[in-house]
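S.K.: Each chain, written out:
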Amino acid sequence: MRVTFNANGRPVEADDVWEGESLLFMLRERLGLPGSKNACEQGECGSCTVYLDGAPVCSCLVAAGQVQDREVRTVEGLADDENGLDPVQQAFIDAGAVQCGFCTPGLLVQTHDLLEREPQPSDNDIREALSGNLCRCTGYEKIMDAVRLASARKCSGNSSEVSR
Amino acid sequence: MRGEKNLQDITTAHPDGIGGSPLRPDGTLKVRGEFAYSSDLWHEDMLWGMALRSPHAHARILSIDTTEALTQPGVYAVMTHEDIPGSKYYGLEIQDQPALAFGKVRYHGEAVAIVAADHPETARRALAKIKVEYEVLPPITTEEHCQNPETYGYVHEPHEYKGHASGNVVHSQKVVSGLGVNDDVRAMADVVVVGEYEVGMQDQAFLGPESGLAVPAEDGGIDLYIATQWLHVDRQQVAPVLGLPENKVRLTLAGVGGAFGGREDLSMQIHACLLAQRTGKPVKIVYSREESFFGHVHRHPAKMRYEHGATRDGKLVYMEARIVLDGGAYASASPAVVGNASSLSVGPYEVPNVNVLAIAYYSNNPSCGAMRGFGAVQACFGYETQLDRLAAELGMDPVELRQLNAVSQGSHLPTGQVIDAPAPVAELLQKVKDLPLPPPLDTEHHLDIRELPGALSNTSHGEGIVRGVGYAVGLKNVGFSEGFDDYSTARVRLEVIGGEPVAMVHTAMAEVGQGGVTVHGQIARTELGVERVTIHPANTEVGSAGSTSASRQTYMTGGAVKLAAEAVRNELFNLGRSRYGWTYNDLSLVGGKVVSASAGVLIPIVDLLGDQAIDLTREHHHRPTVPFDKETGQGFGHVQYTFCAHRAVVDVDVELGLVKVVELAAAQDVGKALNPLSVIGQIQGGSTQGLGLAVMEEIITKDGKVRNPSFTDYLIPTILDTPPQPVEIMELADPNAPYGLRGVGEAPTLSSTPAIVSAIRAATGLALNRVPVRPEHITGT
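As you go down the protein sequences, you meet chains A and B in turn. For the first sequence, our numbering gives the first residue as 1, with consecutive numbering after it. For the second sequence, our numbering gives the first residue as 1, with consecutive numbering after it.
By construction, these hints were calculated from the structure, which means they are not laboratory data. Nothing false has been slipped in among the hints.
Listed below are the simulated SDA-like cross-link pairs for lysine to any residue, each with C-alpha atoms no more than 25 Å apart in a straight line:
hint: 1; chain 1: B; residue 1: Lys-281; chain 2: A; residue 2: Trp-18
hint: 2; chain 1: A; residue 1: Lys-154; chain 2: B; residue 2: Thr-28
hint: 3; chain 1: B; residue 1: Lys-129; chain 2: A; residue 2: Gly-20
hint: 4; chain 1: B; residue 1: Lys-129; chain 2: A; residue 2: Asp-16
hint: 5; chain 1: B; residue 1: Lys-281; chain 2: A; residue 2: Leu-31
hint: 6; chain 1: A; residue 1: Lys-154; chain 2: B; residue 2: Leu-23
hint: 7; chain 1: A; residue 1: Lys-154; chain 2: B; residue 2: Pro-724
hint: 8; chain 1: A; residue 1: Lys-154; chain 2: B; residue 2: Arg-32
hint: 9; chain 1: A; residue 1: Lys-154; chain 2: B; residue 2: Pro-22
hint: 10; chain 1: B; residue 1: Lys-129; chain 2: A; residue 2: Trp-18
hint: 11; chain 1: B; residue 1: Lys-129; chain 2: A; residue 2: Val-17
hint: 12; chain 1: B; residue 1: Lys-129; chain 2: A; residue 2: Glu-19
hint: 13; chain 1: B; residue 1: Lys-281; chain 2: A; residue 2: Ala-14
hint: 14; chain 1: B; residue 1: Lys-129; chain 2: A; residue 2: Ser-22
hint: 15; chain 1: B; residue 1: Lys-281; chain 2: A; residue 2: Val-17
hint: 16; chain 1: B; residue 1: Lys-303; chain 2: B; residue 2: Gln-147
hint: 17; chain 1: B; residue 1: Lys-88; chain 2: B; residue 2: Thr-252
hint: 18; chain 1: B; residue 1: Lys-705; chain 2: B; residue 2: Thr-142
hint: 19; chain 1: B; residue 1: Lys-174; chain 2: B; residue 2: Asp-184
hint: 20; chain 1: B; residue 1: Lys-630; chain 2: B; residue 2: Gln-417
Example chain A residues on the side facing chain B (calculated, C-beta under 7 Å, incomplete):
hint: 21; residue: Asn-38
hint: 22; residue: Cys-45
hint: 23; residue: Glu-76
hint: 24; residue: Val-98
hint: 25; residue: Phe-102
hint: 26; residue: Arg-127
hint: 27; residue: Ser-131
hint: 28; residue: Cys-137
hint: 29; residue: Thr-138
hint: 30; residue: Tyr-140
hint: 31; residue: Lys-142
Where a beta carbon is used, it is the ideal one built from N, C-alpha and C, also for glycine.
Generate the whole structure from the sequences, applying the supplied hints.
M.R.: What follows is the structure, encoded as structure tokens:
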């Protein structure tokens, strides 16, 4: 089948999609958007998290055909332009929240969504919001730091101030 | 002079050199989703490979019929062991593992056949068309089975055992020191504690699945793009199976999504190469999470018996330990794990009389091998539980008892090896003890159920919750041991690019997330005084970097980068000496300039180098070690020792058996923190894997069959399960190590587990001799 939808602000089209394919597979293997990761493909790890019509979803659990005529935003679509990074992306780098980085794309989308809804989350809010995203490297402490840093920067309007 | 910095300014250490925390060179790519992990690779005309795996733990293969699978549209190849052009076996230490099973399958999930097809679904359906006839055999799964092969059978035929293996024993190692342990020695102790302990089978559970892309080359060779921990040893195992000389198999590191020991053995490497060789097309294999649980080895489950004797005032008199590890169907790293488990079984304590036996068996359980902590994790749970029990028997504070017996520089370990570098075990314990405790749970005035055991599940509003505090400390070695020449290679090139001096670092080091690439840049900046450093992709064009394991890469490959950079620097000075007749012996490179301490700035590197490039390769060898004596375990077997201490604070819902770790504090001596941000990240990450082993992580098997191969059923800690983790760093230089550094990655994984279980014991009063601790162990239901 053919699937037509909007990915990161651009209209895209995928051909010869098998009915059983996930949105994750279509993004990664047919549309050149491998940023969303395939760590478990059973909705447990959150590393494939993308926005679907503005709501974060595990793209491994969404059938490709379900996104017909809808809007998908992936980690590749978080930054505004070629060189700039979203404050959440910058904060993850600055805080040391990226090690192997495989969980990072999903965490970035989930954190981006959290800070859109709640610009100044408490630690418990952060833990609750990110509880569906597994990370095996960091022990989450630097991820907590990164979310706090992104929140502080977004609230102060300064997206790149390094405080570490 | 206007526009020029004075000498003092420019000789200040580069902020992004060693000791700084510059940002990861791969960080931007990773946050943009543009970093190419092994599962992201794509090639024109690429096929998908997939393996058919055994549903049985132990069975004879009577026949394999691939006819129907081969006729499926979109299927390009179906291969069994009969189609292997070269050696049918591979293995890390002992070549006992078939690339594709023949004769028998020896564990649940062993690969029997492989398929290449145009779509993963086509491949999956083709696998379903392969007909394998099995004669199911009783699985050999328990210690009793393994010990009695005459009754229960052999995992491998007796004449097929290789290496030191015999019967169903992969490897065993004794350690005997002092008077050993006998009745006379026992009589010297006022207090004796004996305990039996068990550690479940833990999985590395790295997030990036096993994956890679094999591309057939015009010269008949294969180019393999792969996520691994050691490119050269992969090649050494892959090439003979393909029937190719090593130089026809070229490996390039693809992005690695974590490793933790689980990528030390081969997974899909041989299968992808075989299929690429057969079809003449690029073949990509990406494991599903379920396949990943079958596709790599795990941490050895252990059964241990420990006996400690001490005087009334708390001095350890003797220790006896028997550590039995289940190695599973194939040897993997079992011999080295046994070496570690035995030689580190005493922990960081001075014990005058010791008698230890560590042994790994073959079985029809999943194969076990390397995982972070490597034999020392299991032992640490044993000896630290014993120390707690001994403290209780003696009525002593458990930290004080540990400090009283702690090793320090100059101490003898039971292997006879003298610790010849700082060993601040007592100090590390004191550091975690002195940290302020988290505030008590205040259920009356402030209740956020997300902080309670059970968290979001709304299982308690504070009732039935008891707090406990526990301590533990561990002993880990760094680097490969027992006489192995564990060298590493680095190439450093210095040239002028765009009017700036630029250093390029080329190694075969597997960056698996630990941040080695960041550290290599820091070392090059420090040694060469340049700003810009590029990291060449890791591949087999340069010599081996050894494995990204055993906490060794910063020590070994970092050391190689240092040596190569120093050689480049000397070459540059020689260029200046021959061109300008310098006679200074106080030269250094700072801020892009050649500087003499006595005469000041001599010349910018750019002007001295001109169009020339200095390109040198160096090998770094650590000081030699020797094998342990087989009967006594004596020998200078380890390169370096490392120590970490933990304090765990837990809340336990004693009615439901739920545990919430409230805080997990660590103190570790790292010799020199080359990158403090990364060091802390390693300690917190390692501690969290120890937390997982303490309270949730275990591969469950029944008659050799894996019951929980998914992230739904094999649980790893989430951000809700993981507490704040304050970290105290000590930097006492090891005189034998580059920059005085100490390998960091593994030590925190050891003591985290027993510290948490100790805290649960303190809260509940239960014995808890097995990890992971499950709710039913706490509730007794």
